[in-house]
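So the protein sequences, as listed, match chains U, C and B. For the first sequence, the working numbering gives the first residue as 1, with consecutive numbering after it. For the second sequence, the working numbering gives the first residue as 1, with consecutive numbering after it. For the third sequence, the working numbering gives the first residue as 1, with consecutive numbering after it.
Each hint should be verified, as a subset may be incorrect.
[What the hints assert, rightly or not] Subject to a maximum C-alpha distance of 20 angstroms in a straight line, what follows is the list of computed DMTMM-like cross-link-like pairs (lysine to aspartate or glutamate): (1) Lys329(U) <-> Asp198(B); (2) Lys204(C) <-> Glu183(C); (3) Lys261(B) <-> Glu54(C); (4) Lys261(B) <-> Asp89(C); (5) Lys329(U) <-> Glu46(B); (6) Lys199(B) <-> Asp209(U).
[Stated by the list, open to error] Stretch-level coverage of chain B by chain U, calculated; a stretch enters the list once three of its residues show a Cβ under 8 angstroms from a Cβ in chain U: (7) 187 to 196; (8) 200 to 208; (9) 300 to 312; (10) 380 to 388; (11) 393 to 406; (12) 484 to 491.
Bear in mind the hints are in silico, worked out from the structure with no lab data behind them. The beta-carbon is built from N, C-alpha and C at its ideal position, and this holds for glycine as well.
In case you want the letters, here they are:
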Amino acid sequence: MKIHFLLPLLLIAFSSCAREADLVVYCSLDQVHSEKILKLFADRTGLDVMGAWDVERNKTVGLVNRLLAEQNHPRADVYWNNEIAHTIRLKKAGLTQPYASPSAEGIPFGYKDADHHWTGFAARARVFLQRTDKEVALPARVYEMAEPQFARHGAMAAPLTGTTLTHFSALSLNDSSTHVLTWLDKASQSGLKIGAGNADVMRRTCEGDVDWCLTDTDDAAAARRNGHPVEVVFPDQGEGGRGALLIPNTVCMIANAPHPDAARQFIDFVLSAEVEALLAASDSEQIPLRPGVDAPDYVKLPGRDFHATTVNWEAVANELDQRFPDFQKQFVK
Amino acid sequence: MTASIHIQNLSRTLGAKKILDGINLSLEDGERLALCGPSGAGKTTLLRILAGLEPADSGTIQIRGQLATKGSKVVIPPWKRNLQMVFQDLGLWPTRTVLRNVSDALRAAGRSKAIAESSARTMLDRLGILSLADRKPATLSGGEARRLAFARALALEPKILLLDEPFASLDPEARQQGQLLLEEILTHTKATLILVTHDADEAKRLGGQSLNLHDGQLS
Amino acid sequence: MIFHSGRSPWPWRFLALGALLLAAFWPLAPLLQTLLSPQEWASIFEPRLAGLFAQTLWMSALSGLIALLVGWPTAVLASRLHLPGFGWLHFLLPLPLLLPPLLLAQAWHGLTGMDGPWASVWSLGLAYAPLSALFVARALRHQQASAHESTLLVAGPRFALNEMFRVSAPAAILGATLAAVFASTDFAVPDYFSSLGDKFSVYPAEVFNHWRSYQGDPATLKQGAAVAAPLVAVSALALYAAFVLRDRAGALESNSSRIAKPMRCGSLCIPLSVALLSFSVLLFFLPLGRILYETGATGPESQGSWASHATAAFSDAVQRGRSDLGHSLALGALAGAFALLVAPFLAHFWLQLGGHHQPWRKRAARLFGTLLALPLLAPAVGTGLGAILAFNRPGWEPFYDSLLMPGLVLGGRYLPIAVFLLAERMSRIPQARIESARLTGMPYLFRLLYVRLATCRDAWLLGAGLVAVFAIRELDLAVLLPAANASAAVRYYNALHFARDNFVAAFGLLITLLLFLPVAIHALFSKPNDA
Chain U
1 MKIHFLLPLL LIAFSSCARE ADLVVYCSLD QVHSEKILKL FADRTGLDVM GAWDVERNKT
61 VGLVNRLLAE QNHPRADVYW NNEIAHTIRL KKAGLTQPYA SPSAEGIPFG YKDADHHWTG
121 FAARARVFLQ RTDKEVALPA RVYEMAEPQF ARHGAMAAPL TGTTLTHFSA LSLNDSSTHV
181 LTWLDKASQS GLKIGAGNAD VMRRTCEGDV DWCLTDTDDA AAARRNGHPV EVVFPDQGEG
241 GRGALLIPNT VCMIANAPHP DAARQFIDFV LSAEVEALLA ASDSEQIPLR PGVDAPDYVK
301 LPGRDFHATT VNWEAVANEL DQRFPDFQKQ FVK
Chain C
1 MTASIHIQNL SRTLGAKKIL DGINLSLEDG ERLALCGPSG AGKTTLLRIL AGLEPADSGT
61 IQIRGQLATK GSKVVIPPWK RNLQMVFQDL GLWPTRTVLR NVSDALRAAG RSKAIAESSA
121 RTMLDRLGIL SLADRKPATL SGGEARRLAF ARALALEPKI LLLDEPFASL DPEARQQGQL
181 LLEEILTHTK ATLILVTHDA DEAKRLGGQS LNLHDGQLS
Chain B
1 MIFHSGRSPW PWRFLALGAL LLAAFWPLAP LLQTLLSPQE WASIFEPRLA GLFAQTLWMS
61 ALSGLIALLV GWPTAVLASR LHLPGFGWLH FLLPLPLLLP PLLLAQAWHG LTGMDGPWAS
121 VWSLGLAYAP LSALFVARAL RHQQASAHES TLLVAGPRFA LNEMFRVSAP AAILGATLAA
181 VFASTDFAVP DYFSSLGDKF SVYPAEVFNH WRSYQGDPAT LKQGAAVAAP LVAVSALALY
241 AAFVLRDRAG ALESNSSRIA KPMRCGSLCI PLSVALLSFS VLLFFLPLGR ILYETGATGP
301 ESQGSWASHA TAAFSDAVQR GRSDLGHSLA LGALAGAFAL LVAPFLAHFW LQLGGHHQPW
361 RKRAARLFGT LLALPLLAPA VGTGLGAILA FNRPGWEPFY DSLLMPGLVL GGRYLPIAVF
421 LLAERMSRIP QARIESARLT GMPYLFRLLY VRLATCRDAW LLGAGLVAVF AIRELDLAVL
481 LPAANASAAV RYYNALHFAR DNFVAAFGLL ITLLLFLPVA IHALFSKPND A
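Isolated chain U (complex conformation) (with noise of 0.2 angstroms):
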């Protein structure tokens, strides 16, 4: 019996000891994708180098929420977000240090902080995804989603989490909050389906129960790998088109970092054309934002395949914030 008592003491005495690790990431990009950037990373400078990730369920909050609950004694050199407006909230809440890496010499204007505090980089751009085993009715804008003849064969997710509220909060600072909720007012009521989120409503298209939807470019890769019949279609093309939304990866350095120089090397390392080269032909078909990277061909690239719009990051990232309590009513009920 005494063995009982023993053992969980001895236990406990060994899982005390922690390694302090020479560089903690912070990503909230897929770990399947990411951690192979980090181990190369590692292998390549022989730094040990601690990873963590976030879920989807948590809509991808987790780690901004550690980071903001740890902002006292911080324990992150660098955040790598999959995304872009909690980066900007982590500059704004002062929890990032500028640095201007050289590596981020080629990335275009508009995918960087003018004040350092972040850079952009391989992105994911917000795409119809469609059946191609059947006659589809596809709308050609995202503002068409809503006509009764698109509608009711359509699916996209609820603009309360990652990219369809990035997406969703550019349209409300492009053509006002008022234009946006009643169309989404309008959407709801339309027979449009509406999804949980970005891989949801893409499985809900794989498994036929909607003709296309909204997504990600990454989940419509996933889609398509998987053996369905699928295709993707930039919205907004054409003339008079704004465009589609790119939604870049950005990485942070922590301010007051416990690892610095690391922190430097590691944002080097992942804003490199070799980094965005190697995400685009992972499987998550990450668009690079510099030109000349070398990408597979099926991965289509803005200004060649498609064209992208431009978007003003930080207002976007203060309307998201004023705007996501109106969705939240109008959509959590």
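Starting from the structure of chain U, add chains C and B where the hints point.
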């Protein structure tokens, strides 16, 4: 006349020990038997086999002329033998009140709700515990709990009553009261009785035959 | 207070209570401050929130009811009846608890196409039905053999079954209440079914969204805590009510070492076998079968067979998840170890507090039980943020970064399950056995070890095992607490996002298998009456 209980060549082995070794016994209706013997002699096992709660290894038991147990086969299940048993640890139902320990037994045995409740009250009254009708068994004293166990067994008017050391842990006064009570009940019900006891006086006071179970055999 | 040479339980109790305060209540301190800030309460009186709250209450109550209606009879049939060919089914009782609820939800949708709030109620009810079943199985295991046999003598198997249900009712209700509490805090499953059909939302989603307003200081943490408070309060009330029911049911200590044998059912054998088979199909075979199918299921344009995809998925799961699984097991072992060490002292204290007939002591014991459950009822994200605020301090890095910190926090959070199970079992130890040990002058710790815990080893280990399982399944805290991040739960839910359905199904099954292995080994090698 058919014997109430007729046991023939009954044997039972538990592990390496032969608990019962060729037991033969016959009891007529209303007959009383006190079964004595040291602890572990197999008295309780004999009662349990008789009740149909355990199989034997070999031998037969007939109850009122019907084959009830044949070797390891329980031919008549316990609930069809028309017998009741008061267990050494009483076996009261903890979630039911004193009244419902008795009335629910009667209802389960097929009496209507009204009859079950009035019969239960009568029986509790006879045993002097009607005032405890709304209490749960866990709140009763040892003596009170034992009366309840008797009340439940007797309310069902069994033809055979098996008592496994029913007065074992009672003080002398309570024990004497219990024995008087039992005598009164037996006179009234005329049930066949097997009483397991360590107490020779108690066996004598019962007034029937008294047998000793030792090394698996009756003497 | 004077302590007599190790005979007093108080030094040990203070130690256990201290460990509980450190592990479970310190992280809650920032949330509990909300109680002192009335201005935060204003945010919760909003009609939209009232509607969400009502919706969550009826949904979780129905999930609890399903857990009761499925878990209770399954446990009775699987653990106490002699049904041919079903002897091994009671081993499987904990199995659905080991599966992530979202994986079960996906399996049910895949099987039936169900969606909307009713699908959520159904799926969560079945996911937590084993909680009710395990509590019932433990209670029945110690039903007095003679009490059972007297039911057989009176009226046969039907009445005996009736008595088994009555005896296990308080345990079933306590288990179902815990199931309802777990269901009421889950928003991933409702979110999933909402995305598939009729739109609906639940209160925990609102609680979760309020953590978004968190700005890093305890003051903003209060907004989330204030919104969570009504759900915690209702859960606590439900638990208190379950304790009242348990106390009213009354129980006899089992004076006999004889445990009732599985009952032969005579003519009821066939209908009861059919019933048990139906429950088993609902709880185990259908969802597990579907998840197994998902490991190799792909779209029509995919190359390769189901078997080749499934093999690849399992191989991927082993390769990628191996170290996370190891990490999770270590974390679970730590949380279980914490429960193993602390639960006996608290269970004994709780039992003694309520073990007298004075009504005020009963009430105090119920209050203590409810208070003990507070960490379990508190929202996980709030607990995680509270733990960071409590333990992330200069000089504390070795502790903060070690596995010990999440092990303690998770152990403290799920400790009530172990305490409730152990106390229920301890209450059935004959008083005479305890008193005779006391008369020998044996020190308190030895009495606890060699008299109480020696008798209750199965419940003690089961409780610690359940704490370990819940610690391994925990996601929200695992994301937030440093050393817990590299865990199987984080990898599993991370993969869910990316539509890696084959991997998710294979990894989910792998986690289940790994957790189930010790249960199966214990069940195979333990004696039937190993109490």
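### Query
What are the numbers of the hints the structure violates, in ascending order?
No hint contradicted; all consistent.
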